[in-house]
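Novice: One-letter residues, chain by chain:
There are 2 protein chains.
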Amino acid sequence: MIGEVDLRNGEAAGPFLFVCEHASNSIPAEFGNLGLDPAAREAHIAWDPGAIGLARALSDRLESPLVAGTTSRLVYDCNRPPDSPSACAGRSEIFEIPGNLDLDAEGRITRTEKIYLPFQAALTRQLARTLARGRRPVLVTVHSFTPVWFGQTREVEFGIIHDTDASFAQALFDAARDLPLRAALNQPYSAADGVAHTLKLHATPHGLAHAMLEIRNDLLAGAAGQQAVAAHLADALTRALQAMPALERIA
Amino acid sequence: MIGEVDLRNGEAAGPFLFVCEHASNSIPAEFGNLGLDPAAREAHIAWDPGAIGLARALSDRLESPLVAGTTSRLVYDCNRPPDSPSACAGRSEIFEIPGNLDLDAEGRITRTEKIYLPFQAALTRQLARTLARGRRPVLVTVHSFTPVWFGQTREVEFGIIHDTDASFAQALFDAARDLPLRAALNQPYSAADGVAHTLKLHATPHGLAHAMLEIRNDLLAGAAGQQAVAAHLADALTRALQAMPALERIA
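Order-wise, the sequence lines are chains A and B. The numbering of the first sequence is my numbering, which starts it at 5 and goes up by one. The numbering of the second sequence is my numbering, which starts it at 5 and goes up by one.
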């Protein structure tokens, strides 16, 4: 159903709060197919392939809640604010999105209300309940990226991105040295590219430790790959948390 | 009704978005009177006396929306995160709040869900609709403070507080030099005291210009006083906006 949000392990008491904004490539019937052919609707422009499988595995392994979207980011990208051109992108990489080219203010408001606001409300509620219990989770968003972008091959396999507080991202990068994944900080992009909206809204105002995980999606092509990456990342996340000084309130 | 949020001029197209978290001293019946006598329930600990009259006058004069709370901050202070001890304070200045002394996690969650989350949802929605229209409002929160605090008289009449971006607060302070009000930046307290929660959640992540206005409440004792202060502040806010360089997106 449009506006539905996928909450997993909502009562789990683990130290993380996972978020997967780009979990789904579903385009609700009322938006037609945005004028896209089936190949485009399956491509990375519509979602982060493999990310939800990885995010669910992390949520289960680390016994921590997961909040995930259920609608394609081409209808509304929940990791973008409503005034961002890429909230309802007219173009993404080499693809034009016909259904978004002539979107007017009313159309943007409709999508904001039907998709962005329910997602924000679900995440705000999950975080608020955890904070009210006196627990301060590490906020971790789970993404995947395409191995080839505008014809260029990307060598990095595991990108770790942060907002203003780099401490947990740095600890995670240090822990990732032991993984069989080529890790990099703030690759293949960084907060300066506008990709840290969820972190800016939900981690930084509360002074919460945080990181955005970006996995190259060829590593997440099937369930076995997703589980293998999840095992590595769960290990690194756990060690990163142990390496952090006692988490203190910043805000 | 508990959880109700007071939205005024929701479709107005002016340049500000006003917020009044401490508008009301209403304590819903299910919370009894929190063990307080009538004098305490009327005192500044329960609300910001005069603030809602001022906020409504500013909203009307500047043709800009206002989002206001409808429940006493002693039940839940909507300008505090759910993990803050002062979200449901057990003590405020010289007053003890009996109904808050033994509040457990479930009690905090109940208040968070009934009061904080609806307030956050209403403010998030109002701001998101404005952003989706391509307008980036200046976020202005409206507060009042007590002339006497722990026996000490406060000389400042108009405090201007900001989060990390001081630019609009500075412009407003400059404009306030022409007003018959003793103005001060970051008085009688500042973001370091944890009073900037609304700004941190709704202004800073979007890179919006912002200020928190604090008016000494003896100046807001009646409707005439509230209108007089509103006239002065509307003038200063307008001149401050004119003095700002073209507002650019930071985030």
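Think of the hints as simulated: they come from the structure by calculation, not from any bench. Since the structure is predicted, the reported quantities are computational estimates derived from the model, not experimental observations. Glycine included, C-beta positions come from ideal geometry on N, C-alpha and C. Check before you lean on any hint, since a few could be wrong.
To be verified - Have a look at the derived ranges for each label pair, beta carbon to beta carbon:
| id | chain 1 | residue 1 | chain 2 | residue 2 | range |
| --- | --- | --- | --- | --- | --- |
| 1 | A | G94 | B | A247 | 34 to 44 Å |
| 2 | B | L105 | A | D222 | 49 to 59 Å |
| 3 | A | D182 | B | E8 | 19 to 29 Å |
| 4 | B | G94 | A | E34 | 18 to 28 Å |
| 5 | B | A247 | A | Y193 | 28 to 38 Å |
| 6 | A | G14 | B | N37 | 50 to 60 Å |
| 7 | A | R95 | B | E159 | 53 to 63 Å |
| 8 | A | T168 | B | P249 | 19 to 29 Å |
| 9 | B | L107 | A | N37 | 48 to 58 Å |
| 10 | A | R95 | B | A228 | 38 to 48 Å |
| 11 | B | A228 | A | N13 | 29 to 39 Å |
| 12 | B | A227 | A | R95 | 29 to 39 Å |
| 13 | B | L105 | A | N37 | 53 to 63 Å |
| 14 | B | R186 | A | D239 | 51 to 61 Å |
Said to hold, decoys possible - Cβ-to-Cβ under 7 Å is the rule here; a few derived chain A residues that face chain B:
| id | residue |
| --- | --- |
| 15 | P85 |
| 16 | R137 |
| 17 | L183 |
| 18 | L205 |
Novice: Each hint needs a verdict: does it hold in this structure or not?
Specialist: Here is what the structure says about each hint:
{"no.": "1", "hint": "A:G94 with B:A247: 34 to 44 Å", "verdict": "holds, 35 Å"}
{"no.": "2", "hint": "B:L105 with A:D222: 49 to 59 Å", "verdict": "holds, 57 Å"}
{"no.": "3", "hint": "A:D182 with B:E8: 19 to 29 Å", "verdict": "violated, 53 Å"}
{"no.": "4", "hint": "B:G94 with A:E34: 18 to 28 Å", "verdict": "violated, 49 Å"}
{"no.": "5", "hint": "B:A247 with A:Y193: 28 to 38 Å", "verdict": "holds, 35 Å"}
{"no.": "6", "hint": "A:G14 with B:N37: 50 to 60 Å", "verdict": "violated, 34 Å"}
{"no.": "7", "hint": "A:R95 with B:E159: 53 to 63 Å", "verdict": "holds, 57 Å"}
{"no.": "8", "hint": "A:T168 with B:P249: 19 to 29 Å", "verdict": "holds, 23 Å"}
{"no.": "9", "hint": "B:L107 with A:N37: 48 to 58 Å", "verdict": "holds, 51 Å"}
{"no.": "10", "hint": "A:R95 with B:A228: 38 to 48 Å", "verdict": "violated, 56 Å"}
{"no.": "11", "hint": "B:A228 with A:N13: 29 to 39 Å", "verdict": "violated, 56 Å"}
{"no.": "12", "hint": "B:A227 with A:R95: 29 to 39 Å", "verdict": "violated, 54 Å"}
{"no.": "13", "hint": "B:L105 with A:N37: 53 to 63 Å", "verdict": "holds, 58 Å"}
{"no.": "14", "hint": "B:R186 with A:D239: 51 to 61 Å", "verdict": "holds, 59 Å"}
{"no.": "15", "hint": "P85", "verdict": "holds, 6 Å"}
{"no.": "16", "hint": "R137", "verdict": "holds, 5 Å"}
{"no.": "17", "hint": "L183", "verdict": "violated, 31 Å"}
{"no.": "18", "hint": "L205", "verdict": "holds, 5 Å"}
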